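Q: Residues per chain are reported as follows:
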Amino acid sequence: MHIVIQLNVPPYTYEDLDTAIHLAEAALRKGHKVSIFLFADSVLSVNSKVKPMRVDRNIPQRMQELSEKGVEIHICGLCAEYRGISSDNTVQGPKFSGVPEMASLIFNADRYVNLMP
Amino acid sequence: MALIIIKKSPTENISKRMIEMAIEGDTILFVQDGVLHAIDETTKDLIKNAVSVFVLKEDLEARGYSEDMSLFPCVNYDGWIELIEKNEKIIS
Amino acid sequence: MKKVLFVVYQSPAGSIWVNEALRSAFGMYGEDLEPAILFMEDAVIAVNKNTHPESLGCLSLSMSFKYLERYGTPVYILKEDLEKRKIKEEDIEPAWKAKIITKEELSSFVHSFDKVIIF
Numbered sequence: 001m002h003i004v005i006q007l008n009v010p011p012y013t014y015e016d017l018d019t020a021i022h023l024a025e026a027a028l029r030k031g032h033k034v035s036i037f038l039f040a041d042s043v044l045s046v047n048s049k050v051k052p053m054r055v056d057r058n059i060p061q062r063m064q065e066l067s068e069k070g071v072e073i074h075i076c077g078l079c080a081e082y083r084g085i086s087s088d089n090t091v092q093g094p095k096f097s098g099v100p101e102m103a104s105l106i107f108n109a110d111r112y113v114n115l116m117p
Numbered sequence: 001m002a003l004i005i006i007k008k009s010p011t012e013n014i015s016k017r018m019i020e021m022a023i024e025g026d027t028i029l030f031v032q033d034g035v036l037h038a039i040d041e042t043t044k045d046l047i048k049n050a051v052s053v054f055v056l057k058e059d060l061e062a063r064g065y066s067e068d069m070s071l072f073p074c075v076n077y078d079g080w081i082e083l084i085e086k087n088e089k090i091i092s
Numbered sequence: 001m002k003k004v005l006f007v008v009y010q011s012p013a014g015s016i017w018v019n020e021a022l023r024s025a026f027g028m029y030g031e032d033l034e035p036a037i038l039f040m041e042d043a044v045i046a047v048n049k050n051t052h053p054e055s056l057g058c059l060s061l062s063m064s065f066k067y068l069e070r071y072g073t074p075v076y077i078l079k080e081d082l083e084k085r086k087i088k089e090e091d092i093e094p095a096w097k098a099k100i101i102t103k104e105e106l107s108s109f110v111h112s113f114d115k116v117i118i119f
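Residue numbers (this note's numbering), protein chains in the order written: chain A, 1 to 117; chain B, 1 to 92; chain C, 1 to 119.
Do not rely on the hints blindly, as some may be mistaken.
[What the hints assert, rightly or not] Stretch by stretch, here's where chain A covers chain C in the computed footprint (C-beta under 8 Å, at least three residues): (1) 16-25; (2) 30-41; (3) 111-118.
[What the hints assert, rightly or not] If you want a taste of the chain A side facing chain B, the calculated C-beta under 10 Å gives, among others: (4) 1; (5) 6; (6) 15; (7) 27; (8) 107; (9) 108; (10) 110.
[Unchecked claim] Here are a few chain A residues that sit away from chain B, every Cβ distance over 12 Å (derived from the structure): (11) 55; (12) 69; (13) 77.
Source of the hints: derived by calculation from the structure; they are not laboratory data. This structure is a prediction, so every number in the text was calculated from the model and none was measured. Built from N, CA and C at the ideal position, the CB exists for glycine as well.
Extracted from the complex, chain A is given alone in its bound form (with noise of 0.2 Å):
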């Protein structure tokens, strides 16, 4: 089954990111395909210039992980533009597209599940 998961909200300050990462990597064990589209503020979640506290956890590179995993990361482009993230400054992995893409994702895909902002 392909399952996608949208992300509105930014990483960090919200639980969204974390609640996607384990319910991707419950959904991989499963042999489910995953897919990730980053809207609005959640593209901040593949920024390779964070720095978190040692003790924290390092989002990026969960969302890098996954990538190398085979889920498959999409970036809304405008929303990127808008928050000044380009691919001189994200992690391996995600690719850039945009609402073509989640409309593509919303046809094909088996399930859709949205985080609420």
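Following the hints, position chains B and C against chain A.
A: Relative to chain A, chains B and C alone:
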């Protein structure tokens, strides 16, 4: 049949409105601050007949409550995936 | 063809979500998708003709009108939420072509869509 995922606390009106969206055969899953519905008696009155309700255990315990304090049964992340598998329609 | 509903519940002057929902809805036409928009809770403020986020330097809601016209994307608003916010039918900007639904209709309305995305 739909899975309605509610992540907002009972203090936020939208969470009540989402509970009201449920029809017979639907499943409601409370996650994040939505798990506070699990200890809220007024939530129970809002749930319609033949609507199943679950609470994400990890989020409940992270907020200081144990499963036996919950008004609704708990699932873990694997259980959440099972609910996603079972419900083609997701309202979230 | 699949039907997708974008629901917005937050205020259009206090947050970006009305604009983001509209932008998302207009982007659906590249696939065999039929989008619709529902404003509830504070988002109903968007349809008041006196609402002007541009007076704060924010994007204007009217920039969506030409797309609403072009695509005919249906916009729904919840009656009880309009009343609670003292918005009368004559206050509604006609360009939205907004259809009013009631709280009683909400659950069956929402279930008439294949996908429901809440902002």
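Q: It remains to establish, for every hint, whether it holds in the given structure.
A: Hint check:
no.	hint	in the structure
1	16-25	holds (count 5)
2	30-41	holds (count 4)
3	111-118	holds (count 3)
4	1	holds (6 Å)
5	6	holds (9 Å)
6	15	holds (5 Å)
7	27	holds (5 Å)
8	107	violated (14 Å)
9	108	violated (14 Å)
10	110	holds (8 Å)
11	55	holds (17 Å)
12	69	holds (15 Å)
13	77	holds (24 Å)
In the structure shown, a violation is registered for the earlier hints numbered 8, 9, in ascending order.
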